[in-house]
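Chemist: The chain contents come next:
Protein chains: 4
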Amino acid sequence: MTDLLNVAILGASGYTGSELVRLLARHPKVALKALTADRKAGQAMADVFPQFAALDLPRLTTIAEVDLAAIDLVFCALPHGTTQQVIADLFAKKPSIKVVDLSADFRLADPEAYATWYGHPHQALELQKDAVFGVSELYRDQIKGAKLVANPGCHSTTSILPLVPLLRERLIEPDLISIVSATGMSGAGRAAKEEMLFSEVSEGVHAYGVGKHRHTAELDQEFDKAAGRTARATFTPLLIPMNRGIYATITATLAAGATAEALHAALEAAYYGEPFVKVLPFGKAPQSRHVRGSNNVQLGVVADRGPDRAIVVSTLDNLVKGASGQAVQNMNLVAGFEATEGLGQLAIFP
Amino acid sequence: MTDLLNVAILGASGYTGSELVRLLARHPKVALKALTADRKAGQAMADVFPQFAALDLPRLTTIAEVDLAAIDLVFCALPHGTTQQVIADLFAKKPSIKVVDLSADFRLADPEAYATWYGHPHQALELQKDAVFGVSELYRDQIKGAKLVANPGCHSTTSILPLVPLLRERLIEPDLISIVSATGMSGAGRAAKEEMLFSEVSEGVHAYGVGKHRHTAELDQEFDKAAGRTARATFTPLLIPMNRGIYATITATLAAGATAEALHAALEAAYYGEPFVKVLPFGKAPQSRHVRGSNNVQLGVVADRGPDRAIVVSTLDNLVKGASGQAVQNMNLVAGFEATEGLGQLAIFP
Amino acid sequence: MTDLLNVAILGASGYTGSELVRLLARHPKVALKALTADRKAGQAMADVFPQFAALDLPRLTTIAEVDLAAIDLVFCALPHGTTQQVIADLFAKKPSIKVVDLSADFRLADPEAYATWYGHPHQALELQKDAVFGVSELYRDQIKGAKLVANPGCHSTTSILPLVPLLRERLIEPDLISIVSATGMSGAGRAAKEEMLFSEVSEGVHAYGVGKHRHTAELDQEFDKAAGRTARATFTPLLIPMNRGIYATITATLAAGATAEALHAALEAAYYGEPFVKVLPFGKAPQSRHVRGSNNVQLGVVADRGPDRAIVVSTLDNLVKGASGQAVQNMNLVAGFEATEGLGQLAIFP
Amino acid sequence: MTDLLNVAILGASGYTGSELVRLLARHPKVALKALTADRKAGQAMADVFPQFAALDLPRLTTIAEVDLAAIDLVFCALPHGTTQQVIADLFAKKPSIKVVDLSADFRLADPEAYATWYGHPHQALELQKDAVFGVSELYRDQIKGAKLVANPGCHSTTSILPLVPLLRERLIEPDLISIVSATGMSGAGRAAKEEMLFSEVSEGVHAYGVGKHRHTAELDQEFDKAAGRTARATFTPLLIPMNRGIYATITATLAAGATAEALHAALEAAYYGEPFVKVLPFGKAPQSRHVRGSNNVQLGVVADRGPDRAIVVSTLDNLVKGASGQAVQNMNLVAGFEATEGLGQLAIFP
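Protein chains in written order, with full-length UniProt numbering: chain A, 1 to 350; chain B, 1 to 350; chain C, 1 to 350; chain D, 1 to 350.
Don't take each hint at face value.
Copies of one chain are not kept apart here, so a pair can be met inside one copy or by any two copies together.
When the alpha-carbon atoms are kept at most 25 angstroms apart in a straight line, the in silico DSS-like pairs for lysine-lysine are as follows [unchecked claim]:
{"id": "1", "residue 1": "K129", "residue 2": "K144"}
{"id": "2", "residue 1": "K284", "residue 2": "K40"}
{"id": "3", "residue 1": "K193", "residue 2": "K40"}
{"id": "4", "residue 1": "K40", "residue 2": "K147"}
{"id": "5", "residue 1": "K284", "residue 2": "K212"}
{"id": "6", "residue 1": "K193", "residue 2": "K284"}
{"id": "7", "residue 1": "K40", "residue 2": "K225"}
{"id": "8", "residue 1": "K129", "residue 2": "K29"}
Hints were generated in silico from the structure; no laboratory data involved.
Produce the entire structure from the sequences given, and follow the hints as far as they go.
Modeler: In structure tokens form, the structure reads like this:
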């Protein structure tokens, strides 16, 4: 057991927490040492998530009860806002610890952007400097050496993966990007709210956070950097009646001289050899169900009927590549494991 | 009974056919005189659609068996392509008959556009000239006098209603429109195809007909006319796991001097007093479930975070306002009935 | 307006409340005079249920604000337990008022049964004596003269309708009844609870309240009375991922000499001429989707492979015939209207 | 590679076929050597099931093209009826081959029962004698030595696992069993049929095959054997709107002297140490979503309110433990692998 990575999950009673357990319980190089859930401390994990009835898991505890001495790496699956202080405390108590944070707290490198989008000043500015934005494929080298990985948002990952290579290669107009990003319900978590009830979500669709969804800030940060100038995407999330999946439909205007085929080639080149990103043949659009339950992303590029626009489509499972799977992928990088270790689950379809 | 409008439904065994029955069976000024379904001729309608078990409906017959002498108006809910000849035959047999056609056959005024999008020359060019494109709110006067109303497509109606007023008023750039139009499954009809199976559609989402969906031709026709120039929308349909509803998320670039508020005002003005079109307060996006089962449309306008773009959202029930409801609305116009006659069903939510 | 029935709905912000609005807003003999929702008092109904955006409805108020002088009949769609006192107060203030109560408070005629199943003594015993159990088809005459109708539970109505005639006719063994009653989510109401979240309900099924669901008490009351002795059904509710519908699968052991065909004949005789109850041809099982959105019930009887058992199936929409539709049906009886007045909505399928 | 088991899947283009690929592609001791799909021969598996886009799989071929010399074990995921001859041919060509058959063809040991339920005489009676009914937990020893394992039906496995121990122990009355078995859509396969369309299945529930479903024959066979006499269950399947999962609600009458607690204890004893069968604490009912995607079964026993009946609930994923997972479990037995090899996938929830 001495060569296993000892891991704690803070916030194990939410969906990203349980998804971490699903992946890590079968990870050959990880030992799950602590699971926390402040309001459910004392309960067995199988009481909160009966799918784990057959596993031998630690009981839920408070964060304070976790023995950090026995922990190498912490996954934080806590609400944003409160996470900053929790992580600052972790490093204060054990400077050598590694953290993969699934909240939004350390995603924005610019403190002003944070304050603008989240409505209050950041509480751990020193730590923010050390955080690496955890799109595994784009920041692999930085993540390998990181003490704190800021796992990106689910919508963000879905759109950043296809758009960053296209912006870097100057193949699309940075100011004329429309993203409509349809998501299943599990991305909203397990808190009981009226608008998340089955009867409010089933058999219907609606846009939410229109013109102001906070993942926009992550898109801005990454698109500006990739484009080398200010980019602007209009980002509209839709809630659709399914549990898992994000599906971004991106309408892009081609840069002068670019073609839809060139976009496709650029994505194929960018993700050549990547185990989790699959670019479909030119002209094909993916389906979210074909990545469900897996850490995979499928990308498609289709030409519009005119010569100057293309439709780029990207899909992933919001709880896996959009959250806990990418978090494990980042842990693998931090710990020096194989990229695919513990992430071999194939998609479940139907 | 002499003052009732005598109506036949050709193609009553499909979903738009059954939806016509649902609406017309309770219409106070209509008598349902004939229902056809060539492959199911001889069966009782309640065998094909058991929800009608308690109604006293005519048995299903072939089209040839319909006694046109007793019919004032015909709804055609047949597949496109074959409909042209069927309708030409109807008028040949009874020139005074009125027809509301739910297929795509008479929607495109330009025969070349038809040939391009449908892959073969139109078979009833003379009749095409008489057809009126049946967006009830936009072509009310022409519909009133029409012998043949070409009921528009479900995606088309959803996007035409919000965009035509905005293009007419020159409030948005006609060349920079992105439409992502999410639809439920019932719009695809009742033919048994693998990709329409429950297991292929549930718990997932995908784009289809990307860059080439035929409803694009209807959008082009109406947007060009409204803009007074060539307009171009990129139109991407999504299939999402629900029965009913279309939800168009439109990213629009504002014309110089225009504001999102001006877009909202223009829609409010355009649909003031319209019984079926509701513009929500500025900044609110509608939900498809709030129009489900009704002939209502809900529109919303939201400003993007920057000054030059707006998100316009439109939703309706694809089988009602997107097909059979609008067909009845058009019948009301043709027959001189009150606009809302037989269309008072409130949305079913949850 | 003087000949309209003036109606108030207490608890209009829940699903049975909104369903009452859907039905009553189109009822030709009813005026909706007051809508209450204590926690949402002051809001417009369209803010709480945007499907009513186009209607001219009274604003939500507290119960105390309702001017009873202007009200002829009150629908109570409030949580059980608190309803007893509210209704007692109504009669205290206005003895001539009529009440249709959708809660469970007045359904059990036996105060001891109430105390046993609900865990506390009944608070309005005098009033309980006046209450009529509102299965419209079974207690039509009593309901006509009632001051207080206790609308039955959704599961209860679904099983009482097929089983009471069979027990009355001594066609089945009263001690060997198994009922598995699958329900959609809307029956649980709009309160935000974790177990009602979309992600907790979608793509799965589970039994709840096994061996102790409170609707069992209503079944006992009605089955004992019908059988003329103590009957005992095992009643197991299932929650399945749909919004609307209850589907009771009843396994019955035939009484000596009885046949499955005799059961079918008894149901046909019992409901002959009833506008809302349809007995399907012998051997056919109904589908819940064929009554969705309507006040209809569909019943089926199928023989088991052996000679001594039959499967009886019953389905209805839990919000309509299982709650608000039957409440309106009872109102029609109380007010002397036609039975079908305002209840002509056909099922929505698909 | 020499120590890998070389496997062919006949019928890889259906859902049980693709599920076998999902499980076997990650099985550490199996090499997938051949995939057949007669009508789709020549296509890549990723064209038929895009979730496998990143895998290196053999192309689809006809059955005739499979080189049996290179195959140790064949999974048959073909339609019933035709399978008999296919398997007879396999053994004729290579007597040493092992077969796990997922069709119904070899499940019934009694040829008369087969002829009665399937409407024609069995075509491979000699082979039928060698077939072992593959409920892994009940027939482990026989399966280990089998040349032909007849994988049981999905409904059958769900009810046999809880009921056989109870009948063996004489704890319940064999003649008074009611089973209502709710299933998701994927169990019906991928053939395009009207009644399997999304719009026909979503938002509704219905019973099918009432009084005559063929899985009843498997139940009879196993229940009679377990009870040591003729048993009789009334078995009613329900189709509910979800992809995966079977949920059997069993109403059982206790044998004289038995208690619900005794039933629970008997199940705990029967499945003690079984890796895939979990008996929940007494009084708890499982949820199908907690086994989704896994090879797990969850069982629950709840006392009815009276002393003489209990409700027994059993749930599994119809495509895993109900089909392909149990097939792999049986392959593990036949090949002498660890029982859990390749079957460690945890349930996906939400």
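Chemist: Now tell me if each hint is right for this structure.
Modeler: Going through the hints against the structure:
Taking the closest pair of Cα atoms, K129 and K144 come within 25 angstroms of each other only inside a single copy of the chain (16 angstroms); across copies the shortest separation is 60 angstroms, beyond that limit. For a Cα distance limit of 25 angstroms, the shortest separation of K284 from K40 across copies, 20 angstroms, qualifies, whereas the shortest one inside one copy, 46 angstroms, does not. Taking the shortest Cα distances, K193 and K40 sit within 25 angstroms of each other both inside one copy (18 angstroms) and across copies (16 angstroms). In this assembly of identical chains, the alpha carbons of K40 and K147 never lie at most 25 angstroms apart, being 29 angstroms within a copy and 48 angstroms across copies at closest.
Taking CA atoms no more than 25 angstroms apart as the test, K284 paired with K212 passes between copies only; the shortest distance there is 12 angstroms, against 31 angstroms inside one copy. For the homomeric pair K193 and K284, the shortest alpha-carbon distance between copies (19 angstroms) is at most 25 angstroms, but the shortest distance inside one copy (37 angstroms) is not. Taking the closest pair of Cα atoms, K40 and K225 never come within 25 angstroms of each other, the shortest separation being 42 angstroms inside a single copy and 46 angstroms across copies. For the identical chains of this complex, K129 and K29 are neighbours neither inside a copy (29 angstroms) nor across copies (47 angstroms), given an alpha-carbon limit of 25 angstroms.
Comparing the model with each numbered hint stated earlier shows that hints 4, 7, 8 do not hold.
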